[in-house]
Amino acid sequence: MSTSTQRPYATPPASSPYAEQDTPTFEAYGGDWSEIAEEAARLGEERIVVNMGPQHPSTHGVLRLMLEIDGETVTEARAGIGYLHTGIEKNMEFRTWTQGVTFCTRMDYLAPFFQEAAFCLGVEKLLDITDDVPERASVIRVLLMELNRVSSHLIALGTGGNEMGATTIMTTAFTAREEILKIFEAITGLRMNHGFIRPGGVPQDTPPGIVDDVRKALKLVRHYLGQLSDLMLANPIFKGRLVGVGHLSLAACMGLGMTGPVLRSAGLPYDVRKAKPYSGYETYDFEVPVLQGADSYDRVVLRIEECYQSMKIVEQTLERLEATAGQPVMVADKKIAWPAQLAVGADGQGNSFEHIREIMGTSMESLIHHFKLVTEGFRVPAGQVWQSVEAPRGELGVHLVSDGGTRPYRAHFRDPSFNNLQAVSMMCEGGQLADVVVAVASLDPVLGGVDR
Amino acid sequence: MSDDLTERDVTPGGDVAVPGPEGHRRLEVVEVREGMFGTHGTGDTSGFGGLVRPVEMPSPSERPYGGWFDEVVDVLIEVLDAQEPGLAARAIEAVVVDRGELTLHVVREHVRDVCQALRDDQDLRFELSLGVSGVHFPHAVDRELHAVYHLTSITHGRSLRLDVAVPDADPHIPSTVAVYPTNDWHERETWDFFGIIFDGHPALARIEMPDDWPGHPQRKDYPLGGIEVEYKGATIPAPDTRRSYS
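Line order of the protein sequences matches chains A and B. All residue numbers for the first sequence refer to UniProt numbering, where the first residue is 1 and numbers rise by one. All residue numbers for the second sequence refer to UniProt numbering, where the first residue is 1 and numbers rise by one.
If you're looking for bench data, these hints aren't it; they were derived computationally from the structure. Don't take each hint at face value.
Unchecked claim - Pairs of lysine-lysine residues, derived as BS3-like cross-links and limited to a Cα-Cα distance of at most 27 Å, are as follows:
{"no.": "1", "chain 1": "A", "residue 1": "K219", "chain 2": "A", "residue 2": "K312"}
{"no.": "2", "chain 1": "A", "residue 1": "K372", "chain 2": "B", "residue 2": "K220"}
{"no.": "3", "chain 1": "A", "residue 1": "K125", "chain 2": "A", "residue 2": "K276"}
{"no.": "4", "chain 1": "A", "residue 1": "K334", "chain 2": "A", "residue 2": "K125"}
{"no.": "5", "chain 1": "A", "residue 1": "K125", "chain 2": "A", "residue 2": "K219"}
{"no.": "6", "chain 1": "B", "residue 1": "K220", "chain 2": "A", "residue 2": "K125"}
{"no.": "7", "chain 1": "A", "residue 1": "K312", "chain 2": "A", "residue 2": "K216"}
{"no.": "8", "chain 1": "A", "residue 1": "K276", "chain 2": "A", "residue 2": "K312"}
{"no.": "9", "chain 1": "B", "residue 1": "K232", "chain 2": "A", "residue 2": "K334"}
Pulled out of the complex, with its shape left as it was, chain A reads as follows (with noise of 0.2 Å):
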């Protein structure tokens, strides 16, 4: 344990920014806690910083959280960032436009069709031919983050149970989750980090008995989610956790600059998907909710009722793949479409036959052309453009700048974590410390997207 005059967190509090300069602080690290508080009582101070994480099971990742407290009570907070910090932006300047999609689909990995959906929207919109994708391949994107929507918010009240201790909530939760990473890895292949939503449309088409598939999921998730309200919305112990707890006025949300359930707990019916339609969002029928309390458990109502309208417009989709059965789903234009129409061989090897035997066999022009596309890619005509969806916890943006290359110049991506974060303070200063970890699940940060 040692004295010190060095301030114990990164940023000044919000008020008094420099009133408390010269305060003392002990730091502790490891030991026992009877030794620990022995040891202030002897020097007199009351001031006590705990370091909760980075490495804690309920800040949903490496979220490190620095709390003074005084008893029972957090009289500041501030949240510590950067330790999953990847550089994936970086990356992704030095890989081809296609290729980008493989490196931001793992930025939120609970999320990961939103970040592809928007990295492609914006790319096509750089291309010019955001009118030209086809329309099945929008109604594919709008099925998979739809059903990525639920499937995240799943998690979020999943989690957001578990560590208050209600471990049902969680096993439901993911059980409910894991019939929509079925139909993630029947449509891809894959459960997470897809890689699916590519610049002009999908790679590939959904698998034959897709819509019946998805309808039976659709019923076991509304019967786990029925599940999950029951457990979660007039249980007493539930309510006397959440509700009041993690406020934030719509003043304080528009000023940190909050988006998503967090926003719409404040009152204010803001969605990306309304606001700035993608995809054919306008053509869906669904609805925003809102909710007045402004606190954790509204949150959690917003978020269960999001699910539902989320599968409303499912259902919406899969009309409508059944109405464009066969249609293309990449753009019609060679040079930005895959060259081959791939799928998963007897060899577990993606290759196409046909498209195999044609540039090996048959045409010389076929496989330059194969090997330019995909080993160089296509050319993106220099400019910078803005792009925005509504992921599962708030406006997910892409700032992408071209230099009329082969590889991104810059790409930016605006997440909805990283930006809630900033709230922390704000949710947790003058609460308990039992409250923080349902203030912070009710932000439902994931540090993947946070850190990038």
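Let chain A serve as the given structure and place chain B on it in line with the hints.
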């Protein structure tokens, strides 16, 4: 050939480039490319090796900008000039309309005034800031570093972009945290990755990289790093040493 042509307006073959419209200014030369196939030096036997092409960002637009863009720009000019005559002309360098998006190139000294006007005036009401992004253009002389602000008006359903360029030698931009508190972490991130110093920021510390990290990783002169990978006897070079076709 008249004297006011710069070197860039003439190709090596002697062709004179078509001049732009009156008052046309080039904002950004992103890159100067040589050759055609990404190879340099004697490796290029295609005959295109001597080709030199400057790559430029879209140039400033002429009125009318179309849609609501004219209205927003008019109101902004009015609000700024009401504060101080001639402020709008000094603050807004250029207006670019490209791919259906409005970009205002703002002089750094006035970025806070512009943000304040965009946020508070009832006909503008860009109340939601979607953060700050940085871009590094090493070839744009004296405009190497860019901070790009994306603003959204929920009231009017509009979005625009502010683009502030500063020289690498003096990378200072006034902080906009006082107008948009949400830009706190975003400006820290842009400082961390690009080394742009936001004057007046409450605590401009690194956010993604460790506090003692040397350099700013998203700059173009900062290497990606990586190691060669051996697979089935062949060696695959690190990503930043592979052939670039750009």
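- When the hints from earlier in the document are held up against this structure, which numbers fail? 5 and 9
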